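Line by line, the protein sequences give chains A and B.
At position 12 of the first sequence the residue is numbered 12 (my numbering), and the sequence of numbers has no breaks.
At position 48 of the second sequence the residue is numbered 1048 (my numbering), and the sequence of numbers has no breaks.
Since the hints were derived computationally from the structure, they do not count as laboratory data.
There could be a bad hint or two in this list.
To be verified - Straight-line distance between alpha carbons at most 25 Å, and here's what the computed DMTMM-like set of lysine to aspartate or glutamate pairs gives:
hint : chain 1 : residue 1 : chain 2 : residue 2
1    : B       : K1217     : B       : E1093
2    : A       : K86       : A       : E15
3    : B       : K1080     : A       : D110
4    : A       : K86       : A       : D110
5    : A       : K80       : B       : E1130
6    : A       : K86       : B       : D1082
7    : B       : K1086     : A       : D110
8    : B       : K1141     : A       : E15
To be verified - Which stretches of chain B does chain A cover? Using the computed rule of at least three CB atoms under 8 Å from a CB of chain A, they are:
hint : region
9    : 1036–1050
10   : 1058–1067
11   : 1101–1107
12   : 1118–1124
13   : 1131–1141
14   : 1156–1164
Claimed, not checked - Chain A residues, not near chain B, derived (Cβ > 12 Å throughout):
hint : residue
15   : V124
16   : L144
17   : E163
18   : T173
This structure is a prediction, so every number in the text was calculated from the model and none was measured.
Ideal placement from N, C-alpha and C gives every residue a C-beta, glycine not left out.
Here's the letter readout for the chains.
Number of protein chains: 2
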Amino acid sequence: MAAAVLRLRRLDGVERPAIATPVPAPGRVPIVLLDAGATVDCDPDWLVQWARLGAVLARVRHGVAAPRIGLLSNGEEATKGDALRKAVYPRLERIPGFVGNVEGNDLVGDRVDVVVTDGFTGNVALKSLEGAARAMVGVVKDCLFATPESRAAAEVILPAFLETYEEHDPESTGGALLAGVDGVCVISHGSSTARAIRQAVGVAERCASAGIVEQLKATLRDAG
Amino acid sequence: MAAAVLRLRRLDGVERPAIATPVPAPGRVPIVLLDAGATVDCDPDWLVQWARLGAVLARVRHGVAAPRIGLLSNGEEATKGDALRKAVYPRLERIPGFVGNVEGNDLVGDRVDVVVTDGFTGNVALKSLEGAARAMVGVVKDCLFATPESRAAAEVILPAFLETYEEHDPESTGGALLAGVDGVCVISHGSSTARAIRQAVGVAERCASAGIVEQLKATLRDAG
């Protein structure tokens, strides 16, 4: 990430980069979560910048015409949140598409298309989602392979499971974007397979073709 | 919660109460997550106090002989974390059972028995876990009821699913404890059914019979 910031440099109007991770949610395009771990101690202004970037990513990468933006908090009410959230909230109210505070479960729901938070909380939330999903897959597997009867039934059900799994597999979705640098930077896992890297290159190609950097710059320019 | 603090008063050596939520994890007793939302802006000392309380709860409520305690962070390395985590880490190192930083996925794993964090992060993590688990249940249901063949197979598999679900249902586990007050206080959902309330009363009875408050006091006294 340091290399990307040094080589590509930051966009004008962005003080820190953010990792924008697509979170797979059932029955809809992925939700853009940022920051998922680039910057842990945050100035309120940075979250406002990331909200603007996230909306562009939701629009250009995931095809959401008018992205709804939520601030990740410990309750939906405007009064909820710690000191950082209370400082950020009134600034976000000036941003088109801001719908207010959202909660951890909204990262897999249909209330918003972009969830903005500091990199510490974003990382904890993302790994909690991944952990719970993996634990549930384990429970399902145990149930499917428990007895000869369940194994026979599993053969009927597994194709549908695998299709859904494939749709939401990070190897299929192509990974996170580093938002706020002057270029397209896709972040893959250290353990990425050849297939995951091919998907990531595909995402980079599509983002570049769609002129995502120019759209980010235009949005930041309009925000003044 | 305010009523509980006013009526029961705080334990000596505890500056703020914490909500200690049992997080169901596959194949093991629940993990104690605290704080799950009582106190959002935290002094490092409070997290240290909660770590001690959490270890007593894991021992007395969940029967863990020597609870392992983790600090929820954005990576396992000791250098990970925001300013609060960096201030808390060296203080936690003096606590018996502290194993270091843990991540969101460890809330459903087997590395630790107690996870300590501020109430903001704890609340976001808990709701992320719940959201992902609920989304996965939805996906499983859709797969099971997709076709006449899958519905027939589902009849074979559902009993095992439901048994696992029942084990981990918050209505079965009896809810969170308010840690740090001089008494036993079980926190239930506003939407609790009669059955959930009966379980909660059972938890309160067992905690009181086991002398949990005396054990909390002894631990705080030993900590000086």
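Right, here's what the structure says about each hint:
At most 25 Å may separate the alpha-carbon atoms for a hinted pair to count; K1217 of chain B and E1093 of chain B meet this at roughly 21 Å. Taking the CA atoms of K86 of chain A and E15 of chain A, the gap is about 20 Å. The hint holds against a cut of 25 Å. At most 25 Å may separate the alpha-carbon atoms for a hinted pair to count; K1080 of chain B and D110 of chain A exceed this at roughly 32 Å. Among the hinted pairs, K86 of chain A with D110 of chain A is consistent with the structure: their alpha-carbon atoms are about 24 Å apart, no more than 25 Å.
Restraint check: the Cα-Cα separation between K80 of chain A and E1130 of chain B comes to about 19 Å, which is no more than 25 Å; the hinted pair holds. Distance hint between K86 of chain A and D1082 of chain B is fulfilled; the C-alpha atoms sit about 18 Å from each other, no more than 25 Å. Proximity of K1086 of chain B to D110 of chain A is assessed by CA-CA distance (about 35 Å); at most 25 Å being required, the pair is judged violated. A threshold of 25 Å between alpha carbons decides the hint, and for K1141 of chain B with E15 of chain A the separation of about 44 Å lies outside it, so the pair is violated.
By the rule of at least three residues with a Cβ nearer than 8 Å to a Cβ of chain A, the coverage given for the region 1036–1050 of chain B holds, with 3 such residues. Chain A is given as covering the region 1058–1067 of chain B, and this is violated because 0 residues of the stretch bring a CB closer than 8 Å to a CB of that chain, at least three being needed. Figure legend: the region 1101–1107 of chain B, annotated as covered by chain A; annotation consistent (5 residues with Cβ-Cβ distances under 8 Å, at least 3 required). Using a Cβ-Cβ cut-off of 8 Å, 6 residues of the region 1118–1124 of chain B lie near chain A, which meets the minimum of three, so the contact claim holds.
Counting residues of the region 1131–1141 of chain B whose beta carbon lies closer than 8 Å to any beta carbon of chain A gives 10, which meets the minimum of three for the stated coverage. Only residues whose C-beta sits within less than 8 Å of a C-beta in chain A count toward coverage, and the region 1156–1164 of chain B has 5 of them, enough to reach three; the restraint holds. Against the 12 Å criterion, V124 of chain A falls within the reach of chain B, whose nearest CB is about 5 Å from its own CB. Not every beta carbon of chain B lies more than 12 Å from that of L144 of chain A, the smallest distance being close to 6 Å; the non-interface claim is violated.
Here E163 of chain A does not stay apart from chain B, with its beta-carbon only about 9 Å from theirs, under the 12 Å limit. Residue placement check: T173 of chain A keeps its beta carbon more than 12 Å from all beta carbons of chain B (closest about 16 Å).
The structure is inconsistent with the numbered hints 3, 7, 8, 10, 15, 16, 17, although it conforms to all the rest.
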